[in-house]
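Put together the whole structure using the sequences plus the hints.
Read off the chains here:
Number of protein chains: 2
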Amino acid sequence: MTHAQRLASVRHDLQQQQLDAFIVPHDDEHLGEYIPPYAERLDWLTGFTGSAGAAVVLARKAAVFVDGRYTVQVRHQCDASLFEYRHLIEQPLLDYVLSELNTGARVGFDPRLHSRSWFDAAQQKLAARGLQLVPVKHNPVDRHWHNRPEPTINPALLLSQEYSGQHSEAKRNRIAEQLAAGNIDAQLLTQAEPINWLLNIRGRDIPCLPAVLSFALLHKDGSVQLFAEPAKFEGLDLTAHCGHNVTLAPFNALEQALTELGNKGARVQLDPATANAWSSLVLEQAGAKIVFADDPCMLPKACKNPVEVQGSRAAHLRDGVAVCRFLAWLDRRLEQPAPEREDEGTLADKLLALRAEHADFVEPSFSTISALGPNAAMCHYHHDNGTPRKLGQDAIYLVDSGGQYLDGTTDITRTVAVGEPDDEMRKLFTLVLRGHIDLASARFPAGTGGLQLDALARMPLWQQGYNFDHGTGHGVGHYLSVHEGPQRISPKGSTVPLTTGMIVSNEPGYYRENAFGIRCENLEVVQPADTSGDIPVFEFENLTWVPFDRRLIDSNWLDARHIEWLNDYHATVWEKISPQLEGEDLTWLEQATRPL
Amino acid sequence: MTHAQRLASVRHDLQQQQLDAFIVPHDDEHLGEYIPPYAERLDWLTGFTGSAGAAVVLARKAAVFVDGRYTVQVRHQCDASLFEYRHLIEQPLLDYVLSELNTGARVGFDPRLHSRSWFDAAQQKLAARGLQLVPVKHNPVDRHWHNRPEPTINPALLLSQEYSGQHSEAKRNRIAEQLAAGNIDAQLLTQAEPINWLLNIRGRDIPCLPAVLSFALLHKDGSVQLFAEPAKFEGLDLTAHCGHNVTLAPFNALEQALTELGNKGARVQLDPATANAWSSLVLEQAGAKIVFADDPCMLPKACKNPVEVQGSRAAHLRDGVAVCRFLAWLDRRLEQPAPEREDEGTLADKLLALRAEHADFVEPSFSTISALGPNAAMCHYHHDNGTPRKLGQDAIYLVDSGGQYLDGTTDITRTVAVGEPDDEMRKLFTLVLRGHIDLASARFPAGTGGLQLDALARMPLWQQGYNFDHGTGHGVGHYLSVHEGPQRISPKGSTVPLTTGMIVSNEPGYYRENAFGIRCENLEVVQPADTSGDIPVFEFENLTWVPFDRRLIDSNWLDARHIEWLNDYHATVWEKISPQLEGEDLTWLEQATRPL
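So the sequence lines, in the order shown, correspond to chains A and B. Everything in the first sequence is counted per the working numbering, starting at 25 for the first residue and increasing by one. Everything in the second sequence is counted per the working numbering, starting at 25 for the first residue and increasing by one.
Everything labelled a hint here was simulated from the structure, so no lab data went into it. Hints may contain errors.
Claimed, not checked - Heads up, simulated EDC-like pairs for lysine to aspartate or glutamate below, C-alpha to C-alpha not over 20 Å straight-line:
| hint | chain 1 | residue 1 | chain 2 | residue 2 |
| --- | --- | --- | --- | --- |
| 1 | B | Lys451 | A | Glu565 |
| 2 | A | Lys451 | B | Asp554 |
| 3 | B | Lys451 | A | Asp119 |
| 4 | B | Lys414 | B | Asp373 |
| 5 | B | Lys600 | B | Glu448 |
| 6 | A | Lys600 | A | Glu565 |
| 7 | B | Lys161 | B | Asp318 |
| 8 | A | Lys85 | A | Asp52 |
| 9 | A | Lys374 | A | Glu359 |
| 10 | B | Lys374 | B | Glu606 |
| 11 | A | Lys451 | B | Asp558 |
| 12 | B | Lys451 | B | Glu608 |
Structure below.
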């Protein structure tokens with residue numbers, strides 16, 4: 025089927041269902057960051073493969089909405105004779121709908137693919153202009169998507185307490201007590217990560233996110249109804265792993281379970297920002313009382329226990345060995361003939377191969393950003409979206425990558441010289457690194473949110489009239505998503521206090537369009553600090569151990585204490601990583617970690 | 025009348041009006057920071073004279089609610105046999121009411137003395153438990169308050185454009201355009217500061233706040249109805265000053281004006297956080313459509329125009345001369361016989377006398393905090409609340425003071441040695457000063473709020489396990505309130521972006537109970553910075569020019585750049601202040617500003 029035919033078939037359904045518009049978001053029913061191939065409805069309809077976006081189909085027009093990252097890509101991938109292109113933020117989808125349709129129009133949407141918050145806001149916005157938001161029972165895309173990929177049935181993993189550090193029962197009881205105290209009968213969980221954390225299970229449903237896609241109901245007695253594909257658990261003893269009060273049912277049993285709760289008039293809590301509208305509508309129609317609140321798993325999941333922290337340390341050591349071997353190899357490769365035989369793709373492959381040498385490596389934690397010269401100025405660059413750039417023509421190379429290990433998740437960015445960096449590149453690299461060090465050296469009392477610390481990482485750039493247009497740090501899971509909340513270090517960031525066990529990235533950068541890009545990223549875990557002062561304060565314990573490229577450092581832009589920090593850091597890298605290296609790699613590390 | 029009699033008379037009124045409770049807040053009908061003596065209802069009823077608090081009278085009990093600053097004072101001032109003491113934040117007034125009264129109870133309040141926001145929240149909270157919030161027509165306190173002070177009739181001042189920098193008409197037209205664009209017919213203004221700013225008037229109704237207490241209606245055509253005591257404007261030509269479309273009426277004409285707006289079905293905007301509930305209830309009952317929004321005067325008032333900035337610079341120079349002369353005198357006085365003849369009161373008086381020598385000095389901008397030794401550990405200490413402490417027994421002295429000048433408002437804190445400070449005091453002073461310098465040296469792009477910068481001033485203390493329990497910086501008016509919004513530098517601070525012309529204080533501190541207190545405060549004005557970077561950034565231009573006490577600095581706790589900043593600062597103090605000093609004062613300044 026061509027995209028024109030697909031569009032026509034959806035339009036045909038619209039007519040049948042008396043709809044004037046139908047909205048196709050990128051999200052699936054879990055509303056998480058990643059979706060599996062069978063949920064790529066936006067791609068099926070429009071050809072757009074980005075990780076965020078939406079489309080709207082009207083009787084005679086259609087439009088694709090993407091954010092700033094994808095304005096070029098959408099033009100390559102979508103047929104302009106079928107779809108207008110719009111900026112998701114600047115020309116929001118609902119504004120487009122309102123500008124195209126008149127009072128009385130019916131706007132269809134699939135309530136499984138939108139959050140409850142979106143639904144409430146959209147309904148109000150459309151109603152104010154006399155339009156009706158209509159939940160469809162059958163998604164027109166699904167009806168016409170022939171040869172749709174089947175969901176992959178990869179076996180689940182029951183994560184032993186040796187890795188998780190806490191039995192599922194203890195986790196469930198702790199949250200169930202909170203539910204009971206709040207007079208809540210059950211908590212609906214709809215995102216994969218909190219459910220996998222709660223039950224100490226993992227999966228391989230989606231690349232990079234080692235989780236079983238699922239829904240769950242956590243009851244106030246600590247019992248859990250898990251809704252997931254049972255075939256993934258074949259041969260696994262979930263009862264022995266979790267206890268008798270965790271039961272497994274297929275996805276299609278969820279509606280019945282929600283209806284039963286509703287029939288009992290239960291008070292059911294859910295997070296309107298992450299739970300799909302469908303589930304809360306089913307609950308409400310059946311008579312449940314809905315309580316909107318943050319997902320209570322998110323905060324305990326974010327605060328890693330000592331076993332998870334120890335696992336993360338171990339994962340980072342082994343990840344550091346792989347990255348050091350890669351950087352040592354890269355430096356050697358540059359000295360050998362024909363460096364231009366390597367490109368961004370072969371570099372990324374080499375790094376992956378080195379990581380994969382370790383038995384506990386499962387998969388990358390996200391799609392590697394391997395970017396030479398001007399490509400590094402695009403924060404979300406991927407070498408597969410065009411022709412990978414060849415080594416040999418640029419001064420600096422940025423590689424942002426990570427691994428999923430059974431005991432932790434890693435995420436590291438290094439920017440290294442692959443040619444002759446000029447003074448300005450070295451100045452800007454040093455300002456970025458200085459910001460990284462200032463944040464890494466921070467201490468702060470209980471109650472401090474990432475929003476309050478973000479400026480530390482930016483101030484050296486701000487002083488000189490520079491900035492970077494992304495957050496400074498995101499939360500990182502434990503053998504789970506490389507992006508997690510609620511902690512976040514960002515100008516628009518979270519006021520959720522940073523506290524013991526939270527893992528965050530520290531990744532200031534600088535990007536000069538069509539020229540180069542710089543980012544310095546380590547992961548850090550929040551720990552109590554030891555002072556002789558009046559009050560307890562926290563500090564960041566560094567997890568990532570890979571040298572920062574001395575060739576890019578201009579110490580004129582550093583204070584004595586930054587140089588001291590770097591020398592200490594490099595001495596520790598040597599101490600931790602050198603026992604795992606040999607030969608030329610070891611020689612490289614010795615050079616790379618000598619004092620400034 | 026004793027307080028017991030006063031309480032009994034209020035209870036008598038409660039019975040007559042069939043009320044089970046009556047709430048007496050500290051606020052007056054303008055809900056500003058300061059209230060005049062005739063509005064001290066809380067003091068009349070309870071004897072408590074603090075600047076914030078409330079009381080609630082029940083049939084058989086009564087309670088006074090104060091915050092952490094006043095827990096000692098309230099015990100001195102209020103008769104425990106009449107009033108229970110409660111913590112305003114930890115045991116909120118409405119929770120007390122709910123714990124004492126049953127369903128169906130009627131809780132009286134004077135709608136002129138509470139904000140609309142408070143009213144909405146309180147009504148909801150009480151209604152949820154079946155209690156009724158009843159606005160009283162006649163405040164029982166007012167009915168029984170015999171010998172109540174008359175409002176003082178100090179003449180108003182028409183502030184010439186030489187000081188204000190912008191004609192009232194230009195200010196009014198700019199905001200009126202915004203109102204018209206938002207389809208608003210009129211803006212109700214209820215706080216003294218924005219009205220005085222808008223009309224370029226000033227007054228002497230309240231000590232330290234040079235404003236005419238008033239209400240105003242700003243219409244979408246730029247015309248203003250001002251409601252204030254006409255006697256204050258006798259002999260002044262308000263029409264010549266403001267234009268024919270600014271009219272003056274007495275306070276009691278406001279109700280009629282609001283009713284007329286309501287009868288026309290006008291859309292009237294007001295700030296529910298600062299406008300009293302009475303005005304919006306009158307409007308609603310008369311048929312007006314109320315639009316809740318921030319007071320549109322606040323932001324333009326906060327962004328001083330170049331004339332106001334220049335005026336502030338001049339006011340600070342002259343204020344700096346007075347403070348330098350005071351500190352020089354203090355050092356000499358300590359060398360003379362019997363320093364114990366001076367106490368916190370005589371020191372404050374001396375400083376005021378030196379300020380008052382200048383013709384443009386009007387009054388203090390707030391009540392001077394003159395605190396020796398352990399008294400300085402109380403952030404809101406006032407020497408009049410007990411016996412002023414005598415010079416000669418303590419190591420350090422903290423003086424926080426400011427002046428109202430026709431061309432600007434000042435606020436400065438210096439902490440100085442008056443004995444033998446020990447190493448720990450010097451360490452902590454230096455950490456506070458280091459934080460002050462780090463904030464003063466900040467640069468930041470458009471969109472940065474004070475909340476993002478606050479940690480800069482605290483980080484040196486946080487590093488060593490210390491903190492201070494107040495905001496780092498507040499906005500400061502131009503010959504208006506020494507505390508103004510919306511800008512604020514604080515952990516719970518404002519995300520309103522800091523921008524050109526905003527004046528803020530920079531005042532980190534450290535307080536050790538029963539021992540000593542430290543604070544270093546300058547005022548700073550936000551200005552565009554000059555860089556060769558990619559983006560425009562702002563920086564702080566310093567306004568305050570008085571040396572920091574070199575005897576309290578331990579440079580081991582400073583980096584090279586802090587010492588450079590201090591030496592530059594002191595060189596500039598010398599350059600700006602020395603031409604105004606002579607004799608021993610000049611010698612003192614030379615010593616006080618020599619390089620570290």
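Taking 20 Å as the top limit, are the C-alpha atoms of B:Lys374 and B:Glu606 close enough? holds, 18 Å
What's the verdict on B:Lys600 and B:Glu448, does the C-alpha distance respect the 20 Å limit or exceed it? violated, 33 Å
Pairwise hint evaluation, A:Asp52 against A:Lys85, where the allowed Cα distance is 20 Å at most: At roughly 24 Å apart (the allowed maximum being 20 Å), A:Asp52 and A:Lys85 break the hint.
Is the Cα-Cα distance between A:Lys451 and B:Asp554 20 Å or less? holds, 18 Å
Decide if the proposed pair is consistent with the structure: B:Lys451 and B:Glu608, CA atoms, cutoff 20 Å inclusive. Distance of about 30 Å is beyond 20 Å: violated.
Straight-line alpha-carbon gap B:Lys451 to A:Asp119, limit 20 Å: violated, 58 Å
Would you check the hint for A:Lys374 and A:Glu359, treating anything up to 20 Å between C-alpha atoms as holding? Measuring from Cα to Cα gives roughly 17 Å; hence the hint holds.
Given the hint that A:Lys451 pairs with B:Asp558, does the C-alpha gap stay at or below 20 Å? Given that 20 Å is the threshold and the Cα spacing comes to 14 Å, the pair holds.
Please work out if B:Lys414 and B:Asp373 have their alpha carbons no farther apart than 20 Å. Given that 20 Å is the threshold and the Cα spacing comes to 14 Å, the pair holds.
Pair hint B:Lys451 and A:Glu565, alpha-carbon separation not exceeding 20 Å: violated, 26 Å
Hinted pair B:Lys161 and B:Asp318, Cα distance within 20 Å: violated, 28 Å
Below or equal to 20 Å on CA atoms is what counts here, so check A:Lys600 against A:Glu565. Holds, because 15 Å separates the two Cα atoms, which is no more than 20 Å.
Taken one by one, the earlier hints fail for this structure at numbers 1, 3, 5, 7, 8, 12, listed in ascending order.
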